[in-house]
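Residue numbers (my numbering), protein chains in the order written: chain A, 1 to 148; chain B, 1 to 148; chain C, 1 to 148; chain D, 1 to 148.
No wet-lab data here; the hints were simulated from the structure. Among the hints, a few may not be true.
[What the hints assert, rightly or not] Think about it this way: if two alpha-carbon atoms lie no more than 35 Å apart in a straight line, the pair counts; the simulated DSBU-like pairs of lysine-lysine are:
1) B/Lys50 with B/Lys144
2) D/Lys50 with D/Lys144
3) A/Lys123 with D/Lys104
4) A/Lys104 with A/Lys50
5) C/Lys123 with A/Lys123
6) B/Lys104 with A/Lys104
7) D/Lys50 with C/Lys104
8) A/Lys50 with C/Lys123
9) A/Lys123 with A/Lys50
10) B/Lys104 with A/Lys50
11) A/Lys104 with D/Lys123
12) A/Lys50 with A/Lys144
[To be verified] Quick look at which bits of chain B chain A covers, simulated, 3 or more residues with Cβ under 8 Å:
13) 48-60
14) 87-96
[To be verified] Here are some chain C residues pointing at chain D (derived, C-beta under 10 Å):
15) Leu15
16) Pro16
17) Leu17
18) Thr19
19) Asp23
20) Gly28
21) Tyr38
22) Asp40
23) Thr41
24) Asn44
25) His45
26) Gln56
27) Phe77
28) Leu138
This structure is a prediction, so every number in the text was calculated from the model and none was measured. Yeah, the Cβ is synthetic: ideal placement off N, Cα and C, and Gly gets one too.
4 protein chains.
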Amino acid sequence: MPAVRSRIDSFPHILPLTTRWMDNDVYGHVNNVQYYSYFDTAVNHYLIEKGWLDIQNGGVVGLVVETRCTYHASVAFPDELEVGLRVERLGNSSVRYGIAIFRKGETEAAAEGYFIHVYVDRKSNTPVSLPADLRAILEPLLVKGEQA
Amino acid sequence: MPAVRSRIDSFPHILPLTTRWMDNDVYGHVNNVQYYSYFDTAVNHYLIEKGWLDIQNGGVVGLVVETRCTYHASVAFPDELEVGLRVERLGNSSVRYGIAIFRKGETEAAAEGYFIHVYVDRKSNTPVSLPADLRAILEPLLVKGEQA
Amino acid sequence: MPAVRSRIDSFPHILPLTTRWMDNDVYGHVNNVQYYSYFDTAVNHYLIEKGWLDIQNGGVVGLVVETRCTYHASVAFPDELEVGLRVERLGNSSVRYGIAIFRKGETEAAAEGYFIHVYVDRKSNTPVSLPADLRAILEPLLVKGEQA
Amino acid sequence: MPAVRSRIDSFPHILPLTTRWMDNDVYGHVNNVQYYSYFDTAVNHYLIEKGWLDIQNGGVVGLVVETRCTYHASVAFPDELEVGLRVERLGNSSVRYGIAIFRKGETEAAAEGYFIHVYVDRKSNTPVSLPADLRAILEPLLVKGEQA
Numbered sequence: 001m002p003a004v005r006s007r008i009d010s011f012p013h014i015l016p017l018t019t020r021w022m023d024n025d026v027y028g029h030v031n032n033v034q035y036y037s038y039f040d041t042a043v044n045h046y047l048i049e050k051g052w053l054d055i056q057n058g059g060v061v062g063l064v065v066e067t068r069c070t071y072h073a074s075v076a077f078p079d080e081l082e083v084g085l086r087v088e089r090l091g092n093s094s095v096r097y098g099i100a101i102f103r104k105g106e107t108e109a110a111a112e113g114y115f116i117h118v119y120v121d122r123k124s125n126t127p128v129s130l131p132a133d134l135r136a137i138l139e140p141l142l143v144k145g146e147q148a
Numbered sequence: 001m002p003a004v005r006s007r008i009d010s011f012p013h014i015l016p017l018t019t020r021w022m023d024n025d026v027y028g029h030v031n032n033v034q035y036y037s038y039f040d041t042a043v044n045h046y047l048i049e050k051g052w053l054d055i056q057n058g059g060v061v062g063l064v065v066e067t068r069c070t071y072h073a074s075v076a077f078p079d080e081l082e083v084g085l086r087v088e089r090l091g092n093s094s095v096r097y098g099i100a101i102f103r104k105g106e107t108e109a110a111a112e113g114y115f116i117h118v119y120v121d122r123k124s125n126t127p128v129s130l131p132a133d134l135r136a137i138l139e140p141l142l143v144k145g146e147q148a
Numbered sequence: 001m002p003a004v005r006s007r008i009d010s011f012p013h014i015l016p017l018t019t020r021w022m023d024n025d026v027y028g029h030v031n032n033v034q035y036y037s038y039f040d041t042a043v044n045h046y047l048i049e050k051g052w053l054d055i056q057n058g059g060v061v062g063l064v065v066e067t068r069c070t071y072h073a074s075v076a077f078p079d080e081l082e083v084g085l086r087v088e089r090l091g092n093s094s095v096r097y098g099i100a101i102f103r104k105g106e107t108e109a110a111a112e113g114y115f116i117h118v119y120v121d122r123k124s125n126t127p128v129s130l131p132a133d134l135r136a137i138l139e140p141l142l143v144k145g146e147q148a
Numbered sequence: 001m002p003a004v005r006s007r008i009d010s011f012p013h014i015l016p017l018t019t020r021w022m023d024n025d026v027y028g029h030v031n032n033v034q035y036y037s038y039f040d041t042a043v044n045h046y047l048i049e050k051g052w053l054d055i056q057n058g059g060v061v062g063l064v065v066e067t068r069c070t071y072h073a074s075v076a077f078p079d080e081l082e083v084g085l086r087v088e089r090l091g092n093s094s095v096r097y098g099i100a101i102f103r104k105g106e107t108e109a110a111a112e113g114y115f116i117h118v119y120v121d122r123k124s125n126t127p128v129s130l131p132a133d134l135r136a137i138l139e140p141l142l143v144k145g146e147q148a
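All chains should be modelled from the sequences, with the hints used to inform the complete structure.
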């Protein structure tokens with residue numbers, strides 16, 4: 001994981017997100033766990049907004065197999081956030097999403113990490129090749145030189 | 001609690017709020033619990049935004065003594081929400097906040113309820129009369145004819 | 001809602017529950033929202049444990065139409081809790097569950113409230129008469145003199 | 001991260017933990033985010049239980065600088081869990097905790113990862129050498145051959 005803080009212009013997609021009172025823990029900052037709910041939200045929001053993910057009827061779904069986060073600086077309710085999303089690796093059946101959390105208006109990430117989905121057939125739970133329509137919406141997010 | 005759905009124009013303050021993937025439960029709609037995190041967020045956001053609530057150093061804090069919610073219609077991630085806030089009762093040391101959740105652009109509440117704070121001295125934990133600066137920011141939210 | 005704290009022996013069913021670090025908010029006590037996750041957990045745990053609720057395949061599900069909680073005293077991570085569950089009203093298609101939160105070993109509730117389910121056909125979303133097998137597992141929880 | 005699933009006997013400390021209805025996401029399994037709340041709970045529970053962490057008054061606190069989780073198999077409410085805790089690296093001011101989630105009674109981890117704390121002076125927010133009393137309670141959890 002990079003020791004340097006990623007910049008917002010290295011993320012092709014940005015999702016605005018509001019914090020909540022409950023996100024703050026006893027130390028008055030957003031708890032480490034909540035960042036992963038921002039990661040999760042950014043990925044699924046993109047997949048739904050682009051019309052690919054159909055929670056009720058989709059035949060292919062993403063299983064989360066690994067996640068990771070490095071925390072550079074704290075954020076706290078009532079901060080407004082911007083969540084940067086990119087694709088760092090497009091495999092045959094898996095995708096590594098790179099995600100970073102920015103306090104609104106800041107250019108350096110407060111936290112960043114990744115989220116790896118393996119796409120599986122919903123009934124058999126076995127990996128499938130990435131469907132063409134999914135690949136089509138992910139390619140614009142792919143960071144150059146990172147394809148597996 | 002009203003069986004009729006409150007309208008957004010009966011709330012003098014509106015807070016925009018984004019939903020999260022995790023808010024949806026197994027039935028694909030925002031879980032009943034999460035609405036209270038929206039309530040909590042609306043009240044504390046207002047108190048912080050107006051410069052009254054200082055989480056780290058404030059000498060007076062609000063203790064939650066009762067909350068209630070009626071659910072009229074479901075909302076679901078990735079809906080964007082608007083949270084309506086009003087004051088339904090301004091007592092000597094307590095405040096009943098009326099809160100309703102609207103799907104963005106809709107005029108009838110998807111859910112509504114209240115949240116009662118008793119304001120206490122942080123050290124002794126005993127109720128205090130509402131400080132004048134708190135009362136000043138709450139009066140504009142007071143619904144006519146509802147003062148205790 | 002009772003101003004007096006309910007006693008644990010007025011609840012025919014008790015569920016042990018562990019608290020989490022994240023349950024505590026900035027004031028160092030369990031946040032008001034989390035109590036509703038305990039309510040939710042107690043009801044659904046009972047319905048699953050008794051073999052009635054089948055999340056994936058059940059044809060009848062409970063919709064939450066109203067919840068309420070009165071907070072008497074704080075609890076905090078790492079407290080262990082006991083959640084008391086009873087049925088306060090068994091209607092034709094709705095059930096009012098009474099729930100109270102006890103710090104383990106204590107006999108007076110730290111918080112208490114209710115949770116009202118309307119049971120609906122999962123496909124049409126319209127209320128149904130309580131199925132006989134559901135009624136059979138709820139009757140032992142019914143508090144005398146409370147049937148609607 | 002190991003592709004093989006860690007066994008429960010490689011964790012010197014085990015914390016029992018109950019799942020909640022809300023932990024399940026729309027796919028009917030515990031959401032990837034919640035595992036980190038189990039991680040967080042296991043570390044802080046140990047530090048409080050051993051008498052080291054005093055949330056209100058402690059002069060040294062742990063800042064989370066990195067977390068990671070690999071998901072091997074799903075768990076779901078109403079599963080009961082056992083959270084394995086060990087120390088994988090004891091640095092001068094940082095500690096890498098290894099954590100794994102087991103469905104109760106199972107010997108292979110459903111998920112596992114780590115959680116890195118840097119211990120800082122609460123006022124200045126600067127790293128400190130691990131206090132002797134903290135080191136004393138962590139050494140029994142240290143996995144042989146892993147000390148930095």
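Outcome of the hint check:
| no. | hint | result |
| --- | --- | --- |
| 1 | B/Lys50 with B/Lys144 | holds (21 Å) |
| 2 | D/Lys50 with D/Lys144 | holds (21 Å) |
| 3 | A/Lys123 with D/Lys104 | holds (26 Å) |
| 4 | A/Lys104 with A/Lys50 | holds (24 Å) |
| 5 | C/Lys123 with A/Lys123 | holds (20 Å) |
| 6 | B/Lys104 with A/Lys104 | holds (21 Å) |
| 7 | D/Lys50 with C/Lys104 | holds (20 Å) |
| 8 | A/Lys50 with C/Lys123 | holds (27 Å) |
| 9 | A/Lys123 with A/Lys50 | holds (23 Å) |
| 10 | B/Lys104 with A/Lys50 | holds (20 Å) |
| 11 | A/Lys104 with D/Lys123 | holds (26 Å) |
| 12 | A/Lys50 with A/Lys144 | holds (21 Å) |
| 13 | 48-60 | holds (count 4) |
| 14 | 87-96 | violated (count 0) |
| 15 | Leu15 | holds (8 Å) |
| 16 | Pro16 | holds (7 Å) |
| 17 | Leu17 | holds (5 Å) |
| 18 | Thr19 | holds (8 Å) |
| 19 | Asp23 | holds (9 Å) |
| 20 | Gly28 | holds (6 Å) |
| 21 | Tyr38 | holds (8 Å) |
| 22 | Asp40 | holds (5 Å) |
| 23 | Thr41 | holds (5 Å) |
| 24 | Asn44 | holds (4 Å) |
| 25 | His45 | holds (5 Å) |
| 26 | Gln56 | holds (6 Å) |
| 27 | Phe77 | holds (7 Å) |
| 28 | Leu138 | violated (18 Å) |
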